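Take the given structure of chain A and dock chain B to it, following the hints.
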Amino acid sequence: MFLELFADLSTPIMMGILLGGLYALIALGLSLVFGVMKLINVAHGDLVLFSSYFAYAAMTTVGMDPVVSLVIGVPLLFAIGFAMQKYLLSRAFAISMEAPLIIAFGVSLILQNFQQIVWSPMSRGLTTSYTLASFGVGSIRVPLAYLLDFIAALVVMFFLREFLNRTYLGKAIHAASQDRRAAQLMGINTDRVYAFAFAISMATAALAGVFLGLTFPFTPQSGVSFLILAFGVVIIGGLGSMLGTFLGGMVLGLAQTLGGYFLGAAAQMLFAYAIVLFVLAVRPQGLFGR
Amino acid sequence: MSQKPLLKVSHIDTFYGSIQALWNVSLEVEAQEIVALIGANGSGKSTLLDTISGLIRPAKGGIEFEGENISTLNPFQIVALGISHVPEGRRVFPNLSVLDNLILGSYNRASRPKKEQNLSIVYELFPVLEERKNQLAKTLSGGEQQMLALGRGLMSNPKLMLLDEMSLGLAPIVINNVYKALRKIREKGITLLFVEQNVRRSLEEADRACIMEAGRVVLSGDVADLREEEEVKKAYFGI
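Sequence lines, in order, name chains A and B.
Under numbering that gives the first Met the number 0, the first residue of the first sequence carries the number 0, and numbering increases by one thereafter.
Under numbering that gives the first Met the number 0, the first residue of the second sequence carries the number 0, and numbering increases by one thereafter.
So here's chain A without its partners, still in its complex pose:
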């Protein structure tokens, strides 16, 4: 009886971990900006979706594979992120801590409506030859897209960690997040460092957008729900830690699939957000935070 239950559990556990990869991928950029600039970038979800739509456009107009289109998408969002911080948010930061939040909210609304006008509220998806493929692990069928999500998250997390810990610019990002004035006295151009941090966050959003589109259908309104999911991941994982965010994604993914398994599909997100509330109550610095 018990063994049978366990065999049944292997599917939600496997799916939860892989799905957690997608959540982590969306949340990594949010976590980076949150950790460095103390800004909750409420436009993050919409910028992720911007990338989904960009890949959709590349696929439907010139027939480019969504993953291949990242060759353009990643530098494009990197540049948009750099410009957005340098010319828009940095000025808002000079006013107050709340101003950039409001600016980000404005960017979110503009993007949502822009995407609605261009693409209509209809649901779209990045459907390719491999989108619906799946493979077997023992008795479990795993969709290929879920595995790609997980691998992408793992790779992005690994490179972000190495970048932040090993390069001068990465260390400067750490330094600016811990003590901005002291960082300036080290000869760090903190405005430039913030612009790079935001640009890198947007580059990860470009990746997240494509893998999101390969996994789920999306509408111009999807950004908000994925922002909230990513926010949950950052809360669970803890601020400023890339590994923590990655593991936080797994926890939220597992909470969702196991919640669905035990309480029924209708209650799966309820259970996932209950976990977020629980973590906030007992360990506000996050499960893996310092």
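There is no bait here: all hints are sound.
Derived contacts from chain B toward chain A, CB cut-off under 10 angstroms, selection only: (1) PRO74; (2) ALA79; (3) SER83; (4) VAL85; (5) ARG90; (6) VAL91; (7) PRO93; (8) LEU95; (9) SER105.
Calculated from the structure, these hints are not laboratory results.
All values derive from a computational prediction rather than experimental measurement.
From the three backbone atoms N, C-alpha and C, an ideal C-beta is built for every residue, glycine too.
For chain B alone, kept in the frame of chain A given last:
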């Protein structure tokens, strides 16, 4: 070399918002000199250092370093010219390792190639930093953090170091060590401008001193002369 001072601050006014913190402050520091800034809390000593290193821009007046006007430059440009500011309260990066803190000191492009060389100088000066190089900076004692802050400041190859309240909150024996290090830093040909609460100490360690009051320089000169000034005696030694 010309007779020009290394650092020349002339007639600067500095504001925090609408509150004026410095009034017509002038100051000169010659190369290889040690100059102490003395004054009560709130007299503008730290503001003066912040203005020199570019953290605050003066509303009026000029700051020249090696004959070049730096009063409109950003802090990161001023560091690259050879001014290193070790701030009050040490301000080490708490969640970075000791080694990473030091490496960040050599962030500007001119100092990067000399990173290894400067690291060995710092380790020679403060052996404890090498022993603890892999620890997070926040796990160091107050004295060790001050040494880290000094070492980090040395990593940028400075010609001039601005040192703010190095002995604040440290035990007397640790303060002695910090000043021992200061003398060694001077032997390397680095010019020092430092702020110190302890007037007796300042007058012992420095060649010259400037006394500030309410945002103005009220007295300056060689320490030997200052020690004899009636005002200084009265104000600071209670004689």
